[in-house]
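There are 2 protein chains.
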Amino acid sequence: MTQSLLLVSNSTNHGEGYLDHCMGEMLDLLGARRRLAFVPFALFDRERYASRARQRFAQEGLEVRAVGVGRDGVSTLEWADAVFVGGGNTFRLLKTLRDADLLSTVRRRVGEGMIYMGASAGANVAGPTIRTTNDMPIVQLESFDALGLVPFQINPHYFDPPPDTTHMGETREQRLLEYLEENDIPVVGLREGSWIRVEHGHARLGGARPARIFRASATPEEREPGAGLSDRDGGRRVAPRKRMTHGGPAATASAARGTSQSR
Amino acid sequence: MTQSLLLVSNSTNHGEGYLDHCMGEMLDLLGARRRLAFVPFALFDRERYASRARQRFAQEGLEVRAVGVGRDGVSTLEWADAVFVGGGNTFRLLKTLRDADLLSTVRRRVGEGMIYMGASAGANVAGPTIRTTNDMPIVQLESFDALGLVPFQINPHYFDPPPDTTHMGETREQRLLEYLEENDIPVVGLREGSWIRVEHGHARLGGARPARIFRASATPEEREPGAGLSDRDGGRRVAPRKRMTHGGPAATASAARGTSQSR
Chain V
1253 MTQSLLLVSN STNHGEGYLD HCMGEMLDLL GARRRLAFVP FALFDRERYA
1303 SRARQRFAQE GLEVRAVGVG RDGVSTLEWA DAVFVGGGNT FRLLKTLRDA
1353 DLLSTVRRRV GEGMIYMGAS AGANVAGPTI RTTNDMPIVQ LESFDALGLV
1403 PFQINPHYFD PPPDTTHMGE TREQRLLEYL EENDIPVVGL REGSWIRVEH
1453 GHARLGGARP ARIFRASATP EEREPGAGLS DRDGGRRVAP RKRMTHGGPA
1503 ATASAARGTS QSR
Chain X
1253 MTQSLLLVSN STNHGEGYLD HCMGEMLDLL GARRRLAFVP FALFDRERYA
1303 SRARQRFAQE GLEVRAVGVG RDGVSTLEWA DAVFVGGGNT FRLLKTLRDA
1353 DLLSTVRRRV GEGMIYMGAS AGANVAGPTI RTTNDMPIVQ LESFDALGLV
1403 PFQINPHYFD PPPDTTHMGE TREQRLLEYL EENDIPVVGL REGSWIRVEH
1453 GHARLGGARP ARIFRASATP EEREPGAGLS DRDGGRRVAP RKRMTHGGPA
1503 ATASAARGTS QSR
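Chains as they are written, first to last, in the numbering used here: chain V, 1253 to 1515; chain X, 1253 to 1515.
Looking at chain V on its own, in the form it has when it is part of the complex (with noise of 0.2 Å):
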């Protein structure tokens, strides 16, 4: 993997500005680059978000060009040392880069050297699909496969239970345990103010606040900023990955929890 990723949670931090929590984070990952392709899909008014991120990359030197979703799109990527993919909703990204036919084209570019740098849906789309999203599924989209960048699903916004809710809809653990009862396939939950950058092959947590990490064999765990998200450098060995089948490890897990007989 000689790729290199920075994967974020939030675009805004709580009363701080527009991506001034992880600037500072970017720019020491994009060094002397200075062509910045910003992919503007996630929200609905297209031009607006392009000129909202086009005015906040300026301040810091970068020259942005937003990604269309026409020919231009692949020779604007072509241009770029690096992509910022904005957030908003992920089902809509995800349906418009592959409207676009422009899936492929990021992936061969990041594999060429260009940073792939994402907040909120945009980090949501760099794992292998976007069955961990919080977002709702507003438009139609065939698959859920996305980029496949890194190995791990990404849930941004990763939030706690507050501890006097009365709400009885899932916590944001439970859904994700959901999401494990049919999948097998690691998860970062990403709270706000936090990010993973990736670079040589090796994942790194940073930012505020430490991640919870999901897995369908395993108690989910917390992991500080600074650690490495792989097994050697992060923390405890996982058990192995098991096949999932059904009323396997994962629903033993879910029932022992209780999680999903609440509904």
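Treat the hints with caution; some may be incorrect.
You can't tell identical chains apart in this list, so a pair holds if it fits in one copy or across any two.
[Stated by the list, open to error] Keeping only pairs whose Cα atoms sit at most 20 Å apart, straight-line, the calculated SDA-like set for lysine to any residue is:
hint : residue 1 : residue 2
1    : Lys1347   : Ala1302
2    : Lys1347   : Asp1397
3    : Lys1347   : Thr1418
4    : Lys1347   : Pro1477
5    : Lys1347   : Arg1427
Just so you know, these hints were derived from the structure itself, not from any lab. Because the structure is a prediction, the values reported are computed rather than measured.
Chain V is fixed; fit chain X onto it per the hints.
This is chain X only, laid out in the frame that chain V set:
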């Protein structure tokens, strides 16, 4: 519309037992009918789920048969006076209904007078699509089209944002306004403890709390329990539907509220 339905926001109210808050309404709608088909597809462990439902409805003197994914699913629906579709993950529920080829049977039986009752995910799939679900897309699903028993979308477990939150993920209202950027079908945000009862061609709100109604061409509107959902008997008239166009009325509305630029 000769169909009878009860669409409930949540299976369990805070501090109460399974279905306690809506059982009186269910029994009132059932009248003398005693044959209930239960659809357990929204949870991973279907047998355990069916057992739980069977126990609960047995307390009310109902005979429950679980709908299976094999050919017996159709015969169970033929036998039943009413169906209750349990909550859980909406994507898993709809996928299993479609894979078991039961969507058309449910539609036909409801048209023939079988009562349809559903909670949470089970209420969601009664609408035209599941595009207003809160659930994670944990399984691949090729189409979000659902039963279409009613002409409006349901958002179960609807909730208002806590006034003091610092969380920057989208509020429920923001997510539904995003839905309306892409779709022109009204949405009923059903708060916990509430339901919609449909009989003799009329849909009426019930339960403990008002619902919030979202339309592409209007400001969201609160409607009290006891009010009807149709334009005539519930509140002010709503502007005629318009086809969505990129940058059209929905875009203007969301831009005016600034809903989409905060990620």
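Here's how the hints hold up against the structure:
1. Lys1347 to Ala1302: For Lys1347 and Ala1302, only the intra-copy Cα distance (18 Å) is at most 20 Å; the inter-copy one is 36 Å.
2. Lys1347 to Asp1397: both (10 Å within a copy, 17 Å between copies)
3. Lys1347 to Thr1418: Classified as neither; 35 Å inside a copy, 30 Å across copies.
4. Lys1347 to Pro1477: neither (32 Å within a copy, 38 Å between copies)
5. Lys1347 to Arg1427: This pair counts as between: shortest inter-copy Cα distance 17 Å, intra-copy 23 Å.
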